[in-house]
Amino acid sequence: MKEQGIALRLWKDRVASLVIFALALIPLIPLFLILFQLFSKGASSLSLHFLTSLPRPPGEAGGGVVNAILGSILLVAMASILAVPTGVLAGIYLSEFYDRLLPNMVRTAADLLQGTPSIVIGIMACAWVVRPLHHFSALAGSAALAIIMLPVIVRTTEEVLVLVPKEIREGALALGVPRWRMILQVVLPTGLVGVATGILLSMARVAGETAPLLFTAFGNPFLSWKPTEPIDALPLVIFNYATSPYADWWRQAWAASLVLILLVLFLNTTARLAARKMGGR
Amino acid sequence: MKEAPMEEILKTQDLKAYFEELEILKGINLSIPKNRVTAIMGPSGCGKTTLLRCFNRMHEETPGAHTKGKIFLEGKDILSMNPILVRKMVGMVFQKPNPFPTMSIYENVLAGYRLNGIKLRKEEAQGIVEESLKKAVLWDEVKDFLHRRGTFLSGGQQQRLCIARALAVNPKLLLMDEPTSALDPKATRRVEELVTELKEAVTIVIVTHNTSQAGRVADYTAFLYLGELIEFGPTEELFTAPKDPRTEEYLTGKFG
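So the protein lines, in turn, are chains A and B.
My numbering puts the first residue of the first sequence at 503, with every later residue one more than the last.
My numbering puts the first residue of the second sequence at 20, with every later residue one more than the last.
If we strip away everything but chain A, and leave its shape as in the complex, we get (with noise of 0.2 Å):
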């Protein structure tokens, strides 16, 4: 009796442990799926030719996408270049000072932005850099990105010095270190592979962003590196090609996804190494 009360309940966890497994794979279905289709449509179209040329007019074949590879980089560059200082300061600033009143209001405000739609930025971005400059460009389109970007790498920035010990803080500050430097050099560089994580996932996340940049950078068929001039991004060329009437732009805009993709699951994957060597050490 009691045998078989023991052989029921093993039977029961066994059955449990199944139903949990099967249930953990069913978020991996979609990323298969989409990978799987991204490939079987995209790379019959992709080759060097496809990532080197710009792109041709519509019933000529061939062409590429390298003005919105170019440009994708270029954009989260700027981007990045008015966000990383901007919020790993201000990362440091909630970390060091939690528990006022203005750390608190720039939290909250951090919190707020990250929920705020894209495309809602991307207007703002259009009124505040478009508009007064006459016409889109590139400026503009990193403008949107780095306000996107800002509360991730704010937020990340604060959570990972926040776990810098106390012990390692006062350490610095026994030896009659200024705070300042303390802070510089001991507890950034402490938490520097997390710090950069937070980069490379909120540059990853604007990299595929499309709403914010269709009126801030526009789109441009031919290369161009003036941040004051419109350009080119790789999700802008997807939303143009796949919902033009042409056939063989629709082919391009698998490939162009394909290519996107790649490169965010890259940056994704650089990032989720350099975590796991801080979990490391």
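If you are wondering where the hints come from, they were derived from the structure by calculation, not from laboratory data.
Keep in mind the model is a prediction, meaning the values are calculated, not measured.
Worth double-checking, as some hints may not be accurate.
[As the list claims (entries may be wrong)] Which residues of chain B face chain A? A partial, calculated answer using Cβ under 8 Å:
#1 Arg-106
#2 Lys-107
#3 Leu-134
[As the list claims (entries may be wrong)] Below, simulated DSSO-like cross-link-like pairs (lysine-lysine); rule was C-alpha separation at most 27 Å, straight line:
#4 A:Lys-779 <-> B:Lys-115
#5 B:Lys-30 <-> B:Lys-205
#6 A:Lys-668 <-> B:Lys-262
#7 B:Lys-154 <-> B:Lys-138
#8 A:Lys-668 <-> B:Lys-107
Heads up, the beta-carbon is just placed ideally off N, CA and C, and yes, glycines get one too.
Add chain B to chain A, keeping to what the hints say.
Then chain B, alone, in the frame of chain A:
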């Protein structure tokens, strides 16, 4: 051990310490003798760590903490000085070993210089590292991998590294806040031996809730209870003939 009247290095005058409204120290008058080891002992919550942290102004780093009274270090009131200057003269070793995780052993020893923007010539720096690690009896164990991270060392080695780091800047006074509470018995013994050796060079104040540790390492002992200094004197006298009944009760294990 009878000796001539002691030369004092640090003296507190009606020292009171607070967290918010709570009075942790209720008017401490204490003189710390120079080149001796002084233990501050007492039960948990008696204020012994707070007292120690007043000596290098670390107490006030905690939000809501403040102090009243006077603390004289070689005659100068440190409570009216810039805390940074105080901490350059008064070193501290903490409960948990806290080498800087991003720095090598070498850099950790020099942290007191480098983090204060003091540039050293290479030979000078090497000299300081070797001398400090020798003082902390760690040199022989680490001399072959000075440029590895300090966090790879054992707990006891890390604590001696922290002692070397504090000694490297030649403090007048070395504060130790239960420096062996995170260490195993063997590592504890090494740190205790080190403490007795170091008093030739530097005055040491050590906080402990372990009476036998006070007995082993300290020349003088202060007994603190509920924020008051109950008794202070040469360790032998205090342990063999305590004047206050509370000291005797604590020593015989009736509380604490």
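Now the hints, each set against the structure:
1. Using the Cβ-Cβ criterion of 8 Å, the hint placing Arg-106 (chain B) at the interface with chain A is satisfied: the shortest such distance is roughly 4 Å.
2. For Lys-107 (chain B), the interface hint holds, the least distance from its beta-carbon to any beta-carbon of chain A being 4 Å, beneath 8 Å.
3. For the restraint placing Leu-134 (chain B) at the interface with chain A, the shortest Cβ-Cβ distance is roughly 4 Å, inside the 8 Å limit, so the hint holds.
4. For the hint linking Lys-779 (chain A) to Lys-115 (chain B), the alpha-carbon distance of about 24 Å falls within 27 Å, and the restraint holds.
5. Among the hinted pairs, Lys-30 (chain B) with Lys-205 (chain B) is inconsistent with the structure: their alpha-carbon atoms are about 34 Å apart, more than 27 Å.
6. Proximity of Lys-668 (chain A) to Lys-262 (chain B) is assessed by CA-CA distance (about 39 Å); at most 27 Å being required, the pair is judged violated.
7. Taking the CA atoms of Lys-154 (chain B) and Lys-138 (chain B), the gap is about 22 Å. The hint holds against a cut of 27 Å.
8. Between Lys-668 (chain A) and Lys-107 (chain B), the direct Cα distance comes to roughly 20 Å. Compliance with the 27 Å bound is thereby established for this hinted pair.
When the structure is compared with the earlier hints, violations turn up for hints 5 and 6 and for no others.
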